[in-house]
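A.B. asks: Residue numbers (my numbering), protein chains in the order written: chain A, 1 to 453; chain B, 1 to 453.
Quick caveat, the hints were computed from the structure, so don't treat them as lab data. Nothing here was measured: the structure is a model prediction, and the numbers come from that model. Please note that a few of the clues may not be correct.
To be verified - In silico contact screen, one side only, chain A against chain B (beta carbon under 10 Å); selected entries: (1) S5; (2) L195; (3) T206; (4) A225; (5) S255; (6) A256; (7) A363.
No residue lacks a Cβ here, since even glycine has one placed at the ideal position from N, Cα and C.
Protein chains: 2
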Amino acid sequence: MDRKSLEKDLARNEDRFVREWKELLRFPSISAERAHRKDCDACAGWLVRHLAGMGFKARLLKSAGKPVVFAERRGRAGRPVVLFYGHYDVQPVDPVSAWISPPFEPTLRTGRLYARGASDNKGQVFYVFKALETLIRHHALDVTVKVVLEGEEESSGPGMETALRDHAGLLKADVLVVADVDAVSLDTPAIVMGLRGILGLTAMLTGSDHDLHSGSHGGAAPNPATAIARLIATLHHPDGRIAVKGYYDDVRKPSARERRLAGAGQPSSATYVKEAGVSPVGGEQGLTLAERIGFRPTIDINGIHSGYGGAKSKTIIPFEAMVKITSRLVAGQDPKRCRAAIVRHLKAHTPRGLKLEISEGGAGAAAFRAELDSPIIKIAKAVLDEVSGGRTVFRWHGASVPIVPALARVSGAAPILAGFGLEDDHIHAPNESFSLAQFRLGYLYAGLLLSRL
Amino acid sequence: MDRKSLEKDLARNEDRFVREWKELLRFPSISAERAHRKDCDACAGWLVRHLAGMGFKARLLKSAGKPVVFAERRGRAGRPVVLFYGHYDVQPVDPVSAWISPPFEPTLRTGRLYARGASDNKGQVFYVFKALETLIRHHALDVTVKVVLEGEEESSGPGMETALRDHAGLLKADVLVVADVDAVSLDTPAIVMGLRGILGLTAMLTGSDHDLHSGSHGGAAPNPATAIARLIATLHHPDGRIAVKGYYDDVRKPSARERRLAGAGQPSSATYVKEAGVSPVGGEQGLTLAERIGFRPTIDINGIHSGYGGAKSKTIIPFEAMVKITSRLVAGQDPKRCRAAIVRHLKAHTPRGLKLEISEGGAGAAAFRAELDSPIIKIAKAVLDEVSGGRTVFRWHGASVPIVPALARVSGAAPILAGFGLEDDHIHAPNESFSLAQFRLGYLYAGLLLSRL
């Protein structure tokens, strides 16, 4: 379908779309709270029925956690298979007293629908649903569409991981569509071209089995607190580059065009200070902010704890010191190899007399990077330009969304990450909302994209 | 008096001495517990009466905390003034259930008197008292003796500090005798020739006013946890030497004889591991254990705290990081100048984008070092050799006893630190005790010392 027909259909059906969207938002599907387990099941059941009503073969996939909604509608032979990923669970609602209208009584005020999940992710799921419904009603959907919606995105449950393992065959696809991301503003859509990977570990340095008196033992006993500081300091060169051997070996460098496009989208230093409360002077010196965030790995200390932390002083040599480390990875880097490199580095730099133990962190997640020249990205860009009047930007994020590279790997699909979330939606906070204007843009984007793939 | 007469007198009076000592031990003078405030006052009152009975002009000095007992007995004109320092307060007794006999019902079992304070410090005070009493009875005390006993040694109260300030004139003396220290063993007495000084501070590095997401901000925002580790790492050279500019400038180096005597008394590496639970491989490389502990300053990290410390991981850039630092000082070093040097160093090494705040720590305390060639030390050594058959050793401790340099400064006296405490006394622990054999050695030492000064 073209833009005009989609707009016409939306105008005719908007009241019903909003009514149905409100139905979905009434489920308090808070995955982190055990009391809402049944609400999550009820929400998943509603989605299965709704998808079946739209013409999908829909069902629940059992998992180690909350059920995963899976639906499929076959298209014409030879046409691509599109896998749409979203989640039906929502964040907790505390403090409830801060909500103007109750979080699970969706309320329309001045063009915005207020409810927990209105944006994240039920709103962004539902405009895709309604675009699909419209295309199906108009016999205009000829690609095969698979829908997979998990119920533990907000609570890091095991559900999706076991579903990926047990139902890999079901998920095979050519294109992966994810809408769980933001636009820059209402008139500036964005395609997320990159996400960093992540790995984490906990390192513990131990000396004695008890704190020692820093008078009697100072200068004699090795100090784990001092030693962990020195150990951490070896992880970076003075100019901020990571000093772990080989850490940059597999880093896929950005092209000149990627660097230019990323730089064009980076905030000014003043804007950054306003948002983050600190100057963007961290990381590797001599690189732009956009490059440091989008194209370079980091090793960040998330926590250090050792010894005394109260008032005045306690004259001890702490018996142990602990550090929590995460590393953000970029395209090309293998989480397992990077983890091994850090572990090797920490072992090699552990001082005499102290014991190093490494724990936790698991397998980590690889980065995701899309190619500017990929035909899929070109289609998405064209569609978003048509919706926005040519203002689409590309973004390389610093954060990690482990499900994207994982689903891309299992499904074999090329991901398209674009959505219409905005800062104003206040996701994860009281009074979450999504405007009808955002819903309309998402609906047009999804409708056009599914027509052109 | 000579040793023989002292021994004879002790044999005649031992029963009464022990009876009186038990009276003193019955006061639950726990300075850290408010409930025992009146017991502390009662104990101080008993001491004043007891000293008066011995022939002293005794009274209580008012202080900002618990009263300080002060007593004086004038000797012959031209003879030296000896100031004896001790404390009448004791440690708490928890867990009471671990005591074989109640902590404030002194009980003699197989030659040891069991009670809280039996050793620390009432026992070591009382053998000095009884030596004084004997000399006075025999008209054999011709030095002027001043006694000062504080009531807040175990609880770091302000009492002694205000007494030093308000009554400096009273405390003027030639020799300061302190018995609140240990021997090596029952047959090996020790003179404490050195104590290290101390200074402390807390440093805080702050970035934003809230934790930042380590994905969105990693490589952009400076990380206070990483930065504090790097900052701490600048405090020492790789070989363990302190890297703060000028830190060793005023260090008084040990003579070859001091180094040799200290080395002779140092524990073997195996003994050290057994006691401390860790190898003595810390501090400056290339120096002996005894030299590192007795003659070299340290900068030790007593605690570092920043960000997350729980299970798994939390992907944040912590907004602040805190470190607790103490430095042990040696003879020659001025605590104020050393503190200023560390602060200057920390400021100079604070990375861009983060704010450094230094707090706490106060004025610190200087080190104490006695001279092997001092006539006072030679007398003390001769007396201890006579008591022990020539086995006296010299010790340079790593710990700090701030009252010693403070009292030495205010009184103008040369300190003698020797006592008969032993590991077996279990001071600060349940079932504290002091043997009659230790009491006898202390009595002989004090009696001979006061006869020979």
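A.B. asks: Against the structure shown, which of the earlier numbered hints fail to hold, in ascending order?
C.D. replies: Those not satisfied are hints 1, 5, 6, 7.
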